[in-house]
Amino acid sequence: MAKEVRIALRNSGVINPESIDEYINADGYQALRKSLRSSQSGIYDEIIESGLRGRGGAGFPTGTKEKTTALICADCEKYVVCNADEGEPGTFKDRVIMETDPHSLIEGMIIAGYSINATRGFIYIRGEYALSIERVQHAINKAREYKFLGTNILGSGFDFDIEIRRGAGSYLCGEELTLLESLEGKRGYPRIKPPYPAEKGLWGKPTLINNVETLANFPPIILNGAVWYKSIGTDKSPGTKIFTLSGDLCNPGYYETPTSITLGELIYDFGGGIRNGKRFKAALLGGAAGTFASDKFLDVQMGYDKLKEQGLTLGSGAIVVIDETRDLIETLESILKFFKHESCGKCIPCRIGTTQIYHDICCFNEMSVIDRDKTYKNILNQAEVMAKTSLCPLGQSPILPLKSLWQNFSDDLVSTSK
Amino acid sequence: MGKWTCLMVNEILKKFPKSKDYLLEILHELQNNDPKQYISAENIRAIAQHLNICQSQVYGVVGYYSMLSAKPRGKNLIRVCNSPVCKMIGSEHTINHLTKKLKVQLGGTTTDGKFTVEECECLGNCSQAPSLMVNSKLYGNLTSESLDDLLKEF
Ligand SMILES: Cc1cc2nc3c(=O)[nH]c(=O)nc-3n(C[C@H](O)[C@H](O)[C@H](O)COP(=O)(O)O)c2cc1C
Ligand code: SF4
Ligand code: FES
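Residue numbers (our numbering), protein chains in the order written: chain C, 1 to 418; chain P, 1001 to 1154.
Among the hints, erroneous ones may be present.
Calculated cross-link-like contacts (lysine-lysine; reagent style DSBU-like; alpha-carbon spacing at most 35 Å) [as the list claims (entries may be wrong)]:
1. Lys337/C with Lys1018/P
2. Lys147/C with Lys1075/P
3. Lys1075/P with Lys337/C
4. Lys1018/P with Lys346/C
5. Lys193/C with Lys340/C
6. Lys193/C with Lys3/C
7. Lys308/C with Lys388/C
8. Lys340/C with Lys1014/P
9. Lys1103/P with Lys1014/P
10. Lys340/C with Lys1103/P
11. Lys388/C with Lys377/C
12. Lys186/C with Lys34/C
13. Lys388/C with Lys186/C
14. Lys346/C with Lys1137/P
15. Lys1018/P with Lys142/C
Some, not all, of what chain C presents toward chain P, calculated at C-beta under 8 Å [stated by the list, open to error]:
16. Glu128
17. Gly188
18. Gly247
19. Pro252
20. Gly253
21. Gly273
22. Lys296
23. Phe297
Restraint ranges, calculated between C-beta atoms of paired labels, are given here [said to hold, decoys possible]:
24. Gln1055/P with His341/C: 21 to 31 Å
25. Ser1144/P with Asp373/C: 32 to 42 Å
26. Val369/C with Asn1033/P: 41 to 51 Å
27. Asn1010/P with Lys3/C: 51 to 61 Å
28. Gly1107/P with Glu134/C: 22 to 32 Å
29. Lys3/C with Lys1103/P: 34 to 44 Å
30. Tyr1059/P with Ser415/C: 49 to 59 Å
31. Glu4/C with Lys1103/P: 38 to 48 Å
32. Leu1007/P with Lys308/C: 51 to 61 Å
By construction, these hints were calculated from the structure, which means they are not laboratory data.
Because the structure is a prediction, the values reported are computed rather than measured.
All C-beta atoms in this analysis are idealised placements derived from N, C-alpha and C, irrespective of residue type, glycine included.
Chain P extracted, bound-state conformation:
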């Protein structure tokens, strides 16, 4: 277990009652604090212990929900909406532009570990389609220029 996790994981777990209904909250919290935005095997073990449930249950939940990942990702997570409205207005262009510019495949991480590009379903920003999120921030009305600008922010 890396140095950051050992301390922080325990700090984070301590904030939550030992009740299974906090599982998703815990997973979000740990994933957001991990520099690689994922839930490591060590963390899964720690959560299972904290909530007194089987590790397989935690894996099952991580595997089910699309926001959660058991695989390491980039420092910044780009989620491109590919639901019907964005698709119609031009999410394909967004995806092509980003994957080309960052030299990465959809779902993959850049070699410097800075960005992961994923597609996702409707982000509730359809009036400003095409939309995406970088970490917890929302961007809309994307064009080649605005995409280049927003990448510079990170």
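Here chain C stands alone, though its shape is the one from the complex:
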């Protein structure tokens, strides 16, 4: 039976999230002390060495991004931004971190700030997460009181402070450059990449953007070392990942395990299997911008690399389990509705495309088998065009669920015996 290994969630449920003293007693802020004694390059080198990859969805090597941002200029103003806009359907890991162990995020962020020589940090939390906002604000206040934030932190000469900014209900604002627009007080329209945030971020200044879970991993990695971290999980995506399980399971919830765990272990050992005695049909991995896996993937390990080899995605770590009685077209329909709703309308392929493919799928079940085949292939073509021509990753995403569903469940989609 697979077991949890808690690194990002090491204190979750163990300490009182509103007590900084309990966090300190659990080795809290020790990694910060150690970092402040080390050189800035020492920190990003350690993170590079650890192999940590961004937990926000894209899986970009975290240390490399830090190093680029650190080296882009020596004395210019720089910022750290924490992406806490968690909006990918099926995902709720960042909420758990912020609600149960907010200091872990704050300590990680100060360390990141020190390693790139930033002066200010912003945590962009989605507006709906009222309790997260309250807990993180309380933790920031306490950290200031204990001189972990502010000027001359712990006598090191390093100045850094953090502010919370609330989002207001836009999924697209989780995309890093759009998030920066929103932080600047504007409508959430994406910026064109490049330049990347490391070159031109918030107010045009070099900016390091990381997800909550990514930053919460900093303190244990700094404290225990890259070698320790790398010994956990798969080769190419080491460490642990928080998986959020939902859908037709006996025990939906969040579980942190090494990335070497298999999909089947997550569903059966942690999720308790399919509820009401039903059989497994599909798992949607990574949320709406994710992929559908069938039972032939139950033995695949959950590292970014291992999933990618199978044409699947890890994304944010969301796993939505779907039982045999469900109609996958209905799930797909709600995913496409989600994209249609969240498209900002700035570019034509996505604005028109998301509406068009949603409409096409709505009448799918009323069609003859031949028409279904034709319609689905048309939709795939359209999503392919969107992937190539859309301005930002949102318009490039619908192809993921569409294509994986066709590859793994085409019999189901075009059969008459529904």
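For this one, chain C is given, so just place chain P with the ligands on it according to the hints.
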């Protein structure tokens, strides 16, 4: 401008530096304090003045973000998640039950002004689908009974 706003709006605005990046924070704060949970035309004017930006910019931002509203709403705002997980587990039942019970259309406000029912995207409570929020409080595993009970709290 109503009596509450005139005083409170100025109090609230005073808390924020005159920098545009506080716009969303200000909008949240004003909306949460308004008994009708919206941003009135008067408030938009006051914000624009405080931050020294055009009113159209403020309207643009209010119009973009789904949590913000330029139209008056009920005293209590019910946001029902209708994203894929909740939809699969039964958000349609939640919406039907609420709209029937409160005699209101989705997006509308009850005649007594007590509730507005809206749909929204994933609330990050998917393991307890179907979910909703009333104002800033989260509820999950909704059934007809639990919905009736939670309405009594307000
Ligand atoms: C439409 C869209 C929504 C996104 N939403 C989030 C989000 O809610 N949280 C997040 O951390 N990253 C999100 N991302 C990914 C970010 O753009 C970015 O890759 C991430 O914040 C980088 O942090 P990391 O390297 O620590 O993962 C989203 C991307 C897209 C395209
Ligand atoms: S791809 Fe979609 S969300 Fe992105 S800019 Fe274009 S319209 Fe907006
Ligand atoms: S899909 Fe409803 S809370 Fe996530």
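Hints versus structure:
This hinted pair does not check out: Lys337/C and Lys1018/P have alpha carbons roughly 38 Å apart, beyond 35 Å. Of the supplied pair hints, the one linking Lys147/C and Lys1075/P is violated, its CA atoms being roughly 41 Å apart against a limit of 35 Å. A hinted pair counts as satisfied when its Cα atoms are at most 35 Å apart, and Lys1075/P with Lys337/C qualifies at roughly 29 Å. Between the alpha carbons of Lys1018/P and Lys346/C the distance comes to roughly 29 Å, so the proposed pair stays at or under 35 Å and holds.
For the hint pairing Lys193/C with Lys340/C, the CA-to-CA distance comes to about 23 Å; that is within 35 Å, so the pair holds. For the proposed pair Lys193/C and Lys3/C, the alpha carbon gap of about 41 Å is over 35 Å, so the pair is violated. For the hint pairing Lys308/C with Lys388/C, the CA-to-CA distance comes to about 19 Å; that is within 35 Å, so the pair holds. A distance of roughly 39 Å separates the Cα atoms of Lys340/C and Lys1014/P; the hinted pair therefore is violated under the 35 Å criterion.
With a C-alpha separation of about 40 Å, the suggested pairing of Lys1103/P with Lys1014/P is violated against the 35 Å cut-off. Among the hinted pairs, Lys340/C with Lys1103/P is consistent with the structure: their alpha-carbon atoms are about 28 Å apart, no more than 35 Å. Restraint check: the Cα-Cα separation between Lys388/C and Lys377/C comes to about 17 Å, which is no more than 35 Å; the hinted pair holds. This hinted pair does not check out: Lys186/C and Lys34/C have alpha carbons roughly 38 Å apart, beyond 35 Å.
Straight-line distance between C-alpha atoms of Lys388/C and Lys186/C comes to about 27 Å, which keeps the hinted pair within the 35 Å bound. Our distance criterion of 35 Å between C-alpha atoms is met by Lys346/C and Lys1137/P, whose separation comes to about 33 Å. Restraint check: the Cα-Cα separation between Lys1018/P and Lys142/C comes to about 26 Å, which is no more than 35 Å; the hinted pair holds. Because the beta carbon of Glu128/C sits about 6 Å from the nearest beta carbon in chain P, less than 8 Å, this interface hint is met.
Checking Gly188/C against chain P: minimum C-beta separation of about 6 Å stays under 8 Å; hint holds. Hint on Gly247/C holds. Least Cβ distance to chain P is approximately 6 Å, under the 8 Å limit. For Pro252/C, the suggested interface contact is upheld, since its CB lies about 4 Å from the closest CB of chain P, less than 8 Å. A distance limit of 8 Å between C-beta atoms decides the matter here; for Gly253/C the minimum to chain P is near 5 Å, and the interface restraint holds.
Hint status for Gly273/C relative to chain P: violated, with the closest Cβ pair at about 15 Å, above 8 Å. Residue-level restraint check for Lys296/C is violated (minimum Cβ-Cβ distance to chain P is 22 Å; threshold 8 Å). Among the interface hints, the one on Phe297/C is violated; its C-beta lies about 19 Å from the nearest C-beta in chain P, farther than the 8 Å criterion. At about 27 Å, the CB distance of Gln1055/P to His341/C agrees with the hint of 21 to 31 Å.
Under the hint 32 to 42 Å, the C-beta atoms of Ser1144/P and Asp373/C, about 40 Å apart, fit the expected range. As the Cβ distance of Val369/C to Asn1033/P is approximately 57 Å, the hint placing it in 41 to 51 Å is violated. For the pair Asn1010/P and Lys3/C, the supplied restraint of 51 to 61 Å holds, since their beta-carbon distance comes to about 57 Å. Between Gly1107/P and Glu134/C the CB atoms are about 28 Å apart, so this pair conforms to the stated range of 22 to 32 Å.
Roughly 51 Å separates the CB atoms of Lys3/C and Lys1103/P, a value that falls outside the hinted 34 to 44 Å. Checked against the given bound of 49 to 59 Å, the beta carbons of Tyr1059/P and Ser415/C, roughly 50 Å apart, stay inside it. The hint said 38 to 48 Å for the Cβ distance between Glu4/C and Lys1103/P, and at roughly 47 Å that hint holds. Distance hint check for Leu1007/P and Lys308/C: the Cβ-Cβ separation is about 58 Å, which falls inside the suggested range of 51 to 61 Å.
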